[in-house]
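Modelling step: build the complete structure from the supplied sequences, incorporating the hints.
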Amino acid sequence: MPLSVQQLRHMFQRAIPILLWLPVAAFCAYTLFNATGPSWVNVAEALALAVLAALATCEHRGRVHAQASHHAIESELQHQKTVEAALAEQAQLLELASDAMFVWEVESGALQFWNRGAEQLYGWRRDEVLGKTPQAILQTEFPRPLSELRESMERTGRWEGELIHRRRDGSRVLVMSRWALKERIEGQPLRALAINSNITDQKRAQAELEHQAQHDGLTGLANRTTLTMRLDEALATADAPVALLMLDLDRFKDVNDTLGHVSGDRLLCAVGPRLLAHLREGDTLARLGGDEFAVLLPGASVAAAGVVARKLLNVLEQPFDLGDASVHIAASIGIAAAPEHGNDTETLLRCADVAMYVAKRSGTGAAVYMADQDQHSRDRLSVAGDLRRAIQSGELLLHYQPKLDCASGDLMGVEALVRWKHPERGLVPPDQFIPVAEQSGLIGLLGRCVLEQAIREARTWSDMGYAFPIAVNLSMRDMLDPELPQYIEQILSKWQMDASCLRVEITESSLMVDPVRSRATLVRLRELGVRLSVDDYGTGYSSLRYLQQLPVDELKIDRSFIRHMVSNESDLMIVQSTVDLAHGLGLSVVAEGVEDAGTWQRLAAIGCDQAQGYYLCVPIPADSFIEWLRAFDARPATLAA
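Heads up, the sequence shown is in this note's numbering, so the first residue is 652 and it goes up one at a time.
Hints are supplied without guarantee of correctness; some may be wrong.
To be verified - Subject to a maximum C-alpha distance of 27 Å in a straight line, what follows is the list of computed DSS-like cross-link-like pairs (lysine-lysine):
#, residue 1, residue 2
1, 854, 904
2, 1011, 904
3, 962, 1011
Keep in mind the hints are simulated off the structure, nothing from the lab.
This is the structure in structure tokens:
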């Protein structure tokens, strides 16, 4: 049916917004016109149909576009929600972080973020600091000018270093601070982030460990390590004389034996301040162990050192008030100087030590080193050369002394004692070549030689059916050798022996020279399974409480207390109290130097665990020790208390 004029007008009005579709409509009209003939009605209908088609197409595309826009908006909203959730999660993580974190604007310095870690570390709440500058809140102490730090951060985008901050309560805190810079698109600095970790306790603990490593545990004075380091530094100064005093207290043993170790420790602690009061600020007073001290005098000549030595001797002659008693002591001082007596640390230490013994023997109080008085200079040099050859050629022999159980008399182990069979001098006693080994630097090589030989012979006895620990004495230098545990592990593996076959004995005085490094070595040996023993207890002035902190399981009481314990009530009380205290700390006790039946029986009566000495058995060469073992197994237990 033909469309009315009103219908056509309405349709054209709807078609006005889509005039872009008229070319399509015209094409459709032209097609229909040619097909149906020239009729304006037909033309109008054709145009109407074309417009309807165009409208339908437009509406369809509009719906498609609307749907696409809707999906895009939904996707954008979902992405925004995801980003916001991630940011919220990250903010929560920053809030929960234990480190202090805060953000400030670079230009204004105003704080914009302050997490809970910052509140806990500094004591300031977030609402109290936002908008203020970090410097106004923390009163930071910078290692360098702040302008240099900012320049460095703007150049690299990061900065890291230690800072000192002030808490809200006024206390200071040391932090490791890490800064990161956020820049604008144009490259200008916008914001900075700081992450601060509290290292106050860590630094304090590190300082304490360093102090322990460089100072004597009893007196707080410098130890041998520090003295050696400072002597090296003084000798490195060109054209500057250096003097070294070696000081040994006289009659100190009498104080220990009469008043006990507590009074002896008080005396040692009182010596330091008295000597320091008469030394210069740049001088060094060190305790080397026992009652031996050293004084380093940089820039002092031999004559000046002699004046200082006399002054120190005079102040030491004044009585010391120990609380329970007032005691009088004296001292002997040896003097050596560079360049007169040597230009290296080891030589000066040796020369001062020699001079000190000359002063002690002569009773002069102080003596300057003189080569013609030094029986070590030529004689010991020859011995040192021969000793090196002896170690390499196998001239060193081990003798073994049994350790017996005080209650049952059973064999509990043996101690390896080194001997030197010199081709010309004959059997050289240990007290003649051990000090030479220590002074010449051969003590480490000697210790390894003894370890190897002892474990090799332990392998031989184990193959014969005898299994017991062998004790080997190690020196202070051995304990400071970081490669010692690895060497012991290698020789145990070489001879296929369990670590429990070896017991390492280290003297108490050696442990006290550098307790931090000694403990590290002992811990590594204990981890291998090696048993550990403190030798000569009572001569190094340590406490059982300190020894409890070391991974040792055995204590050997020095023979000086054992020898007279039957006749001397004071020595007996010392031995008895040591046994009781050691047992209370879980340590077994061995008595050295048992030379008669009365001492052996008394040790058993007071509960001592083990003993060794000439009464029980003298040290025996390895080739004779097997015969002793067989005879010991065959005899009745006559030694049991």
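Comparing the hints with the structure gives:
1. The suggested pairing of residue 854 with residue 904 is violated, with an alpha-carbon distance near 40 Å, which exceeds 27 Å.
2. Of the supplied pair hints, the one linking residue 1011 and residue 904 holds, its CA atoms being roughly 15 Å apart against a limit of 27 Å.
3. Of the pairs offered as hints, the one joining residue 962 and residue 1011 holds, with about 17 Å between alpha carbons and a cut-off of 27 Å not exceeded.
Of the numbered hints stated above, the single one contradicted by the structure is hint 1.
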